[in-house]
Each structure stands twice: as C-alpha cells, then as structure tokens.
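Engineer: The primary structure of each chain is shown beneath.
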Amino acid sequence: MSKEIVDLIVTGIFQTLLMTVISTVIAYIIGLPYGILLKITTPGDILGNRVVHGILGFIANVFRSIPFLILLVFLIPFTRMITGTSIGTTASIVPLTVGAIPIVARMVEASLNEISPGIVEAATSMGASPFEIVIHFMIPECLPSLLSGAAINIATILGYSAMAGCIGGGGLGAIALNYGYYRYQQDVLWVTVLILIIIVEIFQEGGTLLTKKTRKA
Amino acid sequence: MADEKVLYSLKNVTKIFKSGKSIVKAVDDVSLSIYEGEIFGIIGMSGAGKSTLVRTLNRLEEINDGEIWFDGKNLSGLSTKELRQTRKEIAMIFQHFNLLTQKTVLANVVLPLKLAGVPKKIREAKGMEMLEVVGLAEKAKAYPAQLSGGQKQRVAIARALAMSPKVLLCDEATSALDPKITEEILNLLKKINKELKLTVIIITHEMAVIEKVCDRVGIIDAGKLAELGDVKDIFAKPESKAAKRLILPAITGDNPFDRTDKRCFRIVFDGFSSKEPVISNLVKETGEMVNILSANTRSVGGVGYGQMIVELPKEEARQKVILDYFKSINMEIMEVFETEESE
Ligand SMILES: Nc1ncnc2c1ncn2[C@@H]1O[C@H](COP(=O)(O)OP(=O)(O)OP(=O)(O)O)[C@@H](O)[C@H]1O
Ligand SMILES: [Mg+2]
Numbered sequence: 001m002s003k004e005i006v007d008l009i010v011t012g013i014f015q016t017l018l019m020t021v022i023s024t025v026i027a028y029i030i031g032l033p034y035g036i037l038l039k040i041t042t043p044g045d046i047l048g049n050r051v052v053h054g055i056l057g058f059i060a061n062v063f064r065s066i067p068f069l070i071l072l073v074f075l076i077p078f079t080r081m082i083t084g085t086s087i088g089t090t091a092s093i094v095p096l097t098v099g100a101i102p103i104v105a106r107m108v109e110a111s112l113n114e115i116s117p118g119i120v121e122a123a124t125s126m127g128a129s130p131f132e133i134v135i136h137f138m139i140p141e142c143l144p145s146l147l148s149g150a151a152i153n154i155a156t157i158l159g160y161s162a163m164a165g166c167i168g169g170g171g172l173g174a175i176a177l178n179y180g181y182y183r184y185q186q187d188v189l190w191v192t193v194l195i196l197i198i199i200v201e202i203f204q205e206g207g208t209l210l211t212k213k214t215r216k217a
Numbered sequence: 001m002a003d004e005k006v007l008y009s010l011k012n013v014t015k016i017f018k019s020g021k022s023i024v025k026a027v028d029d030v031s032l033s034i035y036e037g038e039i040f041g042i043i044g045m046s047g048a049g050k051s052t053l054v055r056t057l058n059r060l061e062e063i064n065d066g067e068i069w070f071d072g073k074n075l076s077g078l079s080t081k082e083l084r085q086t087r088k089e090i091a092m093i094f095q096h097f098n099l100l101t102q103k104t105v106l107a108n109v110v111l112p113l114k115l116a117g118v119p120k121k122i123r124e125a126k127g128m129e130m131l132e133v134v135g136l137a138e139k140a141k142a143y144p145a146q147l148s149g150g151q152k153q154r155v156a157i158a159r160a161l162a163m164s165p166k167v168l169l170c171d172e173a174t175s176a177l178d179p180k181i182t183e184e185i186l187n188l189l190k191k192i193n194k195e196l197k198l199t200v201i202i203i204t205h206e207m208a209v210i211e212k213v214c215d216r217v218g219i220i221d222a223g224k225l226a227e228l229g230d231v232k233d234i235f236a237k238p239e240s241k242a243a244k245r246l247i248l249p250a251i252t253g254d255n256p257f258d259r260t261d262k263r264c265f266r267i268v269f270d271g272f273s274s275k276e277p278v279i280s281n282l283v284k285e286t287g288e289m290v291n292i293l294s295a296n297t298r299s300v301g302g303v304g305y306g307q308m309i310v311e312l313p314k315e316e317a318r319q320k321v322i323l324d325y326f327k328s329i330n331m332e333i334m335e336v337f338e339t340e341e342s343e
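Protein chains in written order, with this note's numbering: chain A, 1 to 217; chain B, 1 to 343.
By construction, these hints were calculated from the structure, which means they are not laboratory data. There could be a bad hint or two in this list.
What the hints assert, rightly or not - Stretch-level coverage of chain B by chain A, calculated; a stretch enters the list once three of its residues show a Cβ under 8 Å from a Cβ in chain A:
#1 20-28
#2 129-136
#3 173-183
#4 239-248
Claimed, not checked - Straight-line distance between alpha carbons at most 25 Å, and here's what the computed BS3-like set of lysine-lysine pairs gives:
#5 Lys237/B / Lys25/B
#6 Lys141/B / Lys213/A
#7 Lys216/A / Lys166/B
#8 Lys25/B / Lys216/A
#9 Lys139/B / Lys212/A
#10 Lys212/A / Lys103/B
#11 Lys141/B / Lys212/A
#12 Lys213/A / Lys166/B
#13 Lys166/B / Lys114/B
For glycine and all other residues, C-beta sits at the position ideal for the given N, C-alpha and C.
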C-alpha cells in the first residue's frame, strides 16, 4: 500500500470517528428525552397518555422502518439545507443523526421499561413528581442498561456511517467503496473493513466494561 | 390511643375495578377510623382487597365513592401539588422493599430528603440517624444486593422514617420474610411506634402478625369490612365468618378420631386462666374427659392468650356436663364446625 493510501486511511479513521461520535451525541440529546417520553406516556405509566404515546411511537416506527440507505437519499435536500452541501463528513452527520434518533429513543424506552413498577410506586408514595421520578429513580436505576444500550447504538451508527460513505460521505466507508470496489484494490478493502471491526469492538467492549463497572446488582 | 385523636377517617369508601366486562368491588363501603399512635391491622384472605384499601390511603388508588380524611384533610379534594406534599407525611413500605438497586443504602435512605431539597450534609446526617434507628448504620455504604431480605426491609423503614411522617403504611411488609426475621421487623415497627409515637397501619394475611403487634384490627372480606375492634376482643370472640376463618386453626378431616355426632368447641383462655390446668380440673370436678384436637398459646396485644380445640363425647348428657363446667368457670367457648373451615 502506498503512503498516500495509508494517509487516506488514517484521515478516514478520524472522519469516521468524528461522524459517529457527533451523530451519537446529537442523537442522544434528542433521543434520550424522546425515549423517556415514550416510556412515561405509556398508558398506565406516570404520565400515561394514549394519544401522545401513539403519535411518538408512530413517528419513531416510520423512521426506523425506512432502510438507512433510502433515508440517506431521501434526506439529501434537508441535509443541503442545513449544511449547505450533501457530500462530505459534515453532511453525513445529518442523516446519521436523523436515522439514529428513533433507534436511540426505542433503546432508551426499552431500558427504562426494565424498572420495577414497585420502585415507581415507592417514588410516587414519597410525593415525587413525574420529573423527579425520571431524574432520581428511573435514570439511576436503569443506568447500566442505558450504558449498554449506548454501546450497541454507537456500533450501529458506526455501521451507518460506513453506509453514508457510499453516497458521498467521507470516512472509511467511502475509502472502502472507492478503492476496494471501484478500483479493485482488495487490500484496501480488507484493511478498512478490519479497522471498522476493531473500532466496533473497542466501543462494544468499552461499553460492556463500563456497564459492568456501574452495575451494582 | 391515649388521646384518641383521629388520624384517618374513612367514610363509605368504595373502589371499583373495571376490566373489560367484569367489575370488581375491591373495596366495598368501608367506614372506619384510625387513631393517632395506634398500630392498626388490616387482615383478610388473598384478593380480599387489603392492598387496594391501603393504597387508597395515600391515593395511589383513586376511590370511586366515599371520603378519606387524613389529618383533617379530605384526600380526594387535594390538588396534585397538595397531594404530593401530603404524601410526604404518609410513608409506605412494601413486600418487595422497592429499594433502588443501583444506589447505596444511605443514598436510598436520604432520597425523600433529597426530593424535599434538604442540603446534602444535613440529609446525610439525618440518614445515618435513621440507619441507627433500624440498626444498620454499618451498612450505609453497601448496596441493597449485598443485604438480606430483613436488612432490606430495615433500609426501607429507615427511608420511610426519614421525612418524619405522621403514619407508616405497611403492605405485606413481612410476607417475603421467614418467621424469625418477621418477628424482628415486627419488633422494630413496635419500637418505632412507641418511641416515635408513629401511627402504623399493617396489612397482612397472617393472623400471627396482627396478634404480635396490633392494637386494633379490621377484617376485610370480599372488599367489605367484616369486623372491627380490639385485637384481643376479636381473638377471644370472633363473630364474623371471615374472622373465624382467620383465627380458628383449621380442623381437617384427616384426624385419627371418628368425629361423627361429636361436637367440637374452641376454648380461649387469657394469661391468668391458662396457667390453670383447665382440662385436668374438668376431669377432677366432673369425671368427664375431652379430646384435645389442637392447642396453642400466643401473645396477643401483650397478653398471653391460648386457644384449644376440644372434642366432646357423643352423648348429649355428657356434653352438657362439660359445657356447664366451662361456663361455671367463665371460660370463653365457641362451637366450631368442620364445614365452616372448608371454603
Ligand atoms: N389494578 C387492578 N385492576 C383490576 N382489578 C384489580 C386491580 N387491583 C386489584 N384488583 C382486584 O381487586 C381485588 C382486591 O385485590 P387486592 O390486591 O386489594 O387484594 P389483597 O387483599 O391485597 O390480596 P393479596 O393478599 O393477594 O395481596 C382482587 O379481586 C383483584 O383482582
Ligand atoms: Mg395485597
């Protein structure tokens, strides 16, 4: 492999990490409250509301059921509106975030659903408000599960970022496609795939380790 | 009950559950008062509506009819904010403890204080004080998973006490614990009741729990209040079918005696007369003998009580002699029927 390609791969790694991390962070800023709302508006829960829960759930399902590649194309005008361009690393962050929000929301909802109803009942009996129940009871009690969910989500978003590379995004995905597929450079293809596997592995193992460290029972 | 000040007053409280087409009256027209400083028991068979009733006392369950007055306030009339404020005066402990598993013992205990906005230093001092009360100060930094069931319930009690509540509601708080630990927790509740003058309301399906600590008891049967009174009175003379079912030991059909035509009686004696050898006196005085089917003694409201189920001979004349003897020594007697024991 030439030095140019090695440089390219190193840049690709940084771009991939940048896309993944920024998209995940933004997706969590929106997806965490979204997931909390999904959980607490469930009929019978602390702010049970069939209508709100139904609408939130429907929107999440719609975005989740669109294949990510289709969503990428579909969002091009929106991406251009926000970033001024539809190609490159920065542009990729938009569809990645949009695609990740419903995934994050559902993961958060699933984690919070693990809380025993008894704890919520105890909180209510102490006179806690719904907001206090979320902050002081649900999130601390479900923290290990939220963290392991985050590790899974970040790996998923990383995979999506490689896909974003296919339609003009930067990062390792674009390199794999351009050199490995269009120019038949098998070695580049293998190296990028290997690096992607290693990154996913690091995030996943890191997440598992962190989860283990926080979990008290 | 020294000052007889009413803490809870329930008037015709009714709670209905509708699920699909079926309608369950979980609480059916219950009226009763609970006094400051007493330990009040609520007992009933499974599904009788005990949990539902106790959950109406802090409005975890909204009632369909009637009124619940707590400390001069009509609970149903409170706004959401007032209700949250009032709930801080009504502590509750549960069968499964409901502690936060991811927080330390101390963090659990201080949570209500944190919600109330008490500064960290003050709330931790108060939390440690509460852990002292329940005898678990050395476990402050442990996590609930590292504790036994009895210890977890102690932590829950400490958490309940943190806000200096006016009443402590206990829904089957000892049902997940073995008899020895149950006894310890009941003793703790009794101590708290005495020392902190805290009103305690205990829900259970076990008569032993009521006998051990309660001053008064309400017996719930199919949502209705079947009987209400001092524990020792009800124990000595249960009137309702539900009370008898809970108090009388079950007489099963498979005892070695052929009981056809024979009559069984329950005799109750208090701390005084139980010391007297009632049965041997009976033999001495009348020459008659009874067959003891079961006998036990227990402490009810601090007084040693005993009950015995005896079987009388077939002949009516001999039965009369024995019954007359018991009456002559003022023994509390009551006929029991096998059929009444089976559901
Ligand atoms: N949320 C609910 N929805 C529908 N029915 C309910 C609900 N909660 C309780 N019930 C019904 O109300 C009745 C009383 O239930 P409750 O839990 O109060 O009984 P309990 O005396 O506490 O019984 P246990 O000793 O088994 O705890 C039962 O028939 C139960 O099925
Ligand atoms: Mg119950």
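Engineer: Hint by hint, which ones does the structure fall short of?
Structural biologist: 1, 2, 3, 4, 5, 7, 8 and 12
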